[in-house]
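*Asks:* Here's the letter readout for the chains.
There are 2 protein chains.
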Amino acid sequence: MSSNLSNHQVRLAKRPEGLATRDNWQFTTEPVGEPAEGGVLVKTLSLSLDPAMRGWMNEGKSYIAPVEIGAVMRAGGVGRVVASRNPGFAVGDTVYGTLGVQEYLLVAQEQVKGLAKIDLRAGSITQWLNVLGMPGMTGYFGLMDVGQPKAGETVVVSGAAGAVGQTVGQLAKIKGCRAIGIAGGQAKCDWVVKELGFDACIDYKAGPSAVRDGLKTHCPKGIDIYFDNVGGEILDAALARLARGARIVICGAISQYNNTTPVQGPKNYLSLLVHRARMQGMVVFDYADRYPVAIAELSGYLKDGRMKSREDVVEGIDTFPEALTRLFTGENFGKLVLQVAKD
Amino acid sequence: MSSNLSNHQVRLAKRPEGLATRDNWQFTTEPVGEPAEGGVLVKTLSLSLDPAMRGWMNEGKSYIAPVEIGAVMRAGGVGRVVASRNPGFAVGDTVYGTLGVQEYLLVAQEQVKGLAKIDLRAGSITQWLNVLGMPGMTGYFGLMDVGQPKAGETVVVSGAAGAVGQTVGQLAKIKGCRAIGIAGGQAKCDWVVKELGFDACIDYKAGPSAVRDGLKTHCPKGIDIYFDNVGGEILDAALARLARGARIVICGAISQYNNTTPVQGPKNYLSLLVHRARMQGMVVFDYADRYPVAIAELSGYLKDGRMKSREDVVEGIDTFPEALTRLFTGENFGKLVLQVAKD
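If you read the sequences in order, they're chains R and X. In terms of this note's numbering, the first sequence is residues -17 to 325. In terms of this note's numbering, the second sequence is residues -17 to 325.
None of these hints come from the bench; they were simulated from the model. Hints are supplied without guarantee of correctness; some may be wrong.
Since copy identity is lost for identical chains, a pair holds within one copy or between any two.
[What the hints assert, rightly or not] Listed next, the in silico SDA-like pairs over lysine to any residue satisfying Cα-Cα at most 25 Å (straight line):
| id | residue 1 | residue 2 |
| --- | --- | --- |
| 1 | Lys132 | Thr80 |
| 2 | Lys187 | Ala(-5) |
| 3 | Lys99 | Glu41 |
| 4 | Lys198 | Thr3 |
| 5 | Lys132 | Val265 |
| 6 | Lys198 | Ile46 |
| 7 | Lys157 | Ala98 |
| 8 | Lys43 | Asn250 |
| 9 | Lys203 | Pro48 |
| 10 | Lys249 | Ala47 |
| 11 | Lys198 | Gln246 |
| 12 | Lys157 | Pro190 |
| 13 | Lys99 | Gly58 |
| 14 | Lys285 | Thr11 |
| 15 | Lys43 | Ala222 |
| 16 | Lys(-4) | Ile46 |
| 17 | Lys25 | Val94 |
| 18 | Lys249 | Gly0 |
| 19 | Lys43 | Arg194 |
| 20 | Lys285 | Met126 |
| 21 | Lys176 | Gly316 |
| 22 | Lys25 | Thr10 |
| 23 | Lys324 | Ser66 |
| 24 | Lys203 | Ile46 |
| 25 | Lys95 | Pro48 |
| 26 | Lys249 | Ser44 |
All values reported here derive from a predicted model rather than from experimental measurement.
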């Protein structure tokens, strides 16, 4: 079936300094092969666009190997099995995997274990990239395992309207905590409070002291858990408002990923001492064996209406470079998804 | 008995910017009173000089209230009961307490609970200010409770020849860990390795890349526990060498206490994410109810020779201003003690 198909791909052409532009990418087209014995062919439906992608474009060791120059850009996504020579997968199965920024992925027998069949009754394709996907898992295990929330505590999350933030704040509320968001712009803040049910949301674009003042107003007893997606000045403002025994979950630092100068260290880190607090990093992949438990819990909340989700869907693989940039300018509103093909 | 005695005191005259100088202090002399019903009079023998004192001189909230302008400078020390109207204390008892930088302290009944009788058979007066005192308690609970060492792990401690550092490294060895020190100058490094039995010690004064290179050499599998006394560049170098699941214990930041510019935040903090590591602050006073257990364990090590201690004793209350400065220039070699009166 696949001999007539062509596969459009986005490859890393050169490593960026600062924000990536179209020059950093190369668009290629290849014929689509047929699966060998034990393999499957997956057609990409939608891809997850995440701030972490910027880190994968850098040279040098991190928690995951960098994308090589000339390689198809790494991306997680949801696809459909369109040809199978593996008894575990049937044509028509919906799968989640590291599909890459391309229209088709030919998966050899040895790599088939990297594909997970997903059930669209638990959530839509875009929800599988959001609450039920990597961002949701990051929010779930970051909050529950690293943050260890107790009812009545105050949880603050930056990037509150983003993919991780919306899960963290809503889950904090479900667990009996107060949830305070930080987001860019009044529209996002309104949505976070009115739709998602956060107790308050601070617009970091409202002025140079907006975050500091907002945290003072909304966290009169200090912050028990700060879930940090952004780093920089906002992390410092949160450090300055910690409650005793606070936990800071570090899952990324959007504000620092495109730096051409050294990362800005949190100058208020000695607040960890004053408040007997800890700051801990986490990488979602470490929790892979517990994803099913988290997915079951979160899909229950989606079904009973206690949790909502919002995705910002951009269409067409050719728009990938500009779509990715929106994550860092704060233009996306909700989990950013690249729809490569309609279902 | 006390009517003929006079009490020489050192008071905080004005808050310093940067390093404190003689101008920041005021020397006063007062007659010594007699204890009221339930009170005691303590004669200061030796005082502990600690980097934390610099923080107490600043205005503003920290983990402990600042010393007020005009007040006797706060200091912990060992003294002798010279008059008592309290059945719990006899003349001649040796006590530990917050005596202040002065020759005598009159303790009212309500404050008597702040005095702890100590047993000079468990350790000398200077050891009671070192391994068996606040620095030892900081090292003990910081390493054991916050660091949670496991046999075979690599423990790195800055300020290794200092009061906290010597306890941390030797205790790490006793617990089956590798101990790597960081100290200023070859003499301190030699002592740390040859006398205290650390596996290695890095001289941070040996060149701009000495710490980075030394950690690479001596921690080939990364750092499991970094016990930080100093902050700044050394903290950043340690962050760059973490092992997976590393713990950083923050008990102070000597390099930052005299800053007139903002504190330098650890620009490598995202290493916490890459290595799933945590950085946690601690304040020794939180462990007060467990001091007796730690003192019993540590005094056992002092007696059986598994732990050694070194104190740097400066004599005379008038030398207090210059003595304190030595902590920040790195001139002291071992726990710095101000001997106010000979025993």
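*Asks:* Give a verdict on every hint.
*Replies:* Hints and how they fare:
| no. | hint | in the structure |
| --- | --- | --- |
| 1 | Lys132 with Thr80 | neither (35 Å within a copy, 36 Å between copies) |
| 2 | Lys187 with Ala(-5) | neither (34 Å within a copy, 43 Å between copies) |
| 3 | Lys99 with Glu41 | neither (32 Å within a copy, 60 Å between copies) |
| 4 | Lys198 with Thr3 | neither (38 Å within a copy, 36 Å between copies) |
| 5 | Lys132 with Val265 | both (22 Å within a copy, 23 Å between copies) |
| 6 | Lys198 with Ile46 | between (37 Å within a copy, 21 Å between copies) |
| 7 | Lys157 with Ala98 | neither (29 Å within a copy, 44 Å between copies) |
| 8 | Lys43 with Asn250 | between (27 Å within a copy, 14 Å between copies) |
| 9 | Lys203 with Pro48 | between (42 Å within a copy, 21 Å between copies) |
| 10 | Lys249 with Ala47 | between (29 Å within a copy, 22 Å between copies) |
| 11 | Lys198 with Gln246 | both (23 Å within a copy, 24 Å between copies) |
| 12 | Lys157 with Pro190 | neither (32 Å within a copy, 49 Å between copies) |
| 13 | Lys99 with Gly58 | within (14 Å within a copy, 64 Å between copies) |
| 14 | Lys285 with Thr11 | neither (40 Å within a copy, 76 Å between copies) |
| 15 | Lys43 with Ala222 | between (31 Å within a copy, 11 Å between copies) |
| 16 | Lys(-4) with Ile46 | within (18 Å within a copy, 52 Å between copies) |
| 17 | Lys25 with Val94 | within (14 Å within a copy, 77 Å between copies) |
| 18 | Lys249 with Gly0 | both (23 Å within a copy, 17 Å between copies) |
| 19 | Lys43 with Arg194 | between (34 Å within a copy, 17 Å between copies) |
| 20 | Lys285 with Met126 | within (21 Å within a copy, 45 Å between copies) |
| 21 | Lys176 with Gly316 | within (15 Å within a copy, 60 Å between copies) |
| 22 | Lys25 with Thr10 | within (17 Å within a copy, 84 Å between copies) |
| 23 | Lys324 with Ser66 | within (21 Å within a copy, 88 Å between copies) |
| 24 | Lys203 with Ile46 | between (38 Å within a copy, 18 Å between copies) |
| 25 | Lys95 with Pro48 | within (21 Å within a copy, 60 Å between copies) |
| 26 | Lys249 with Ser44 | both (23 Å within a copy, 15 Å between copies) |
When held up to the earlier numbered hints, the structure conflicts with 1, 2, 3, 4, 7, 12 and 14 and fits the remainder.
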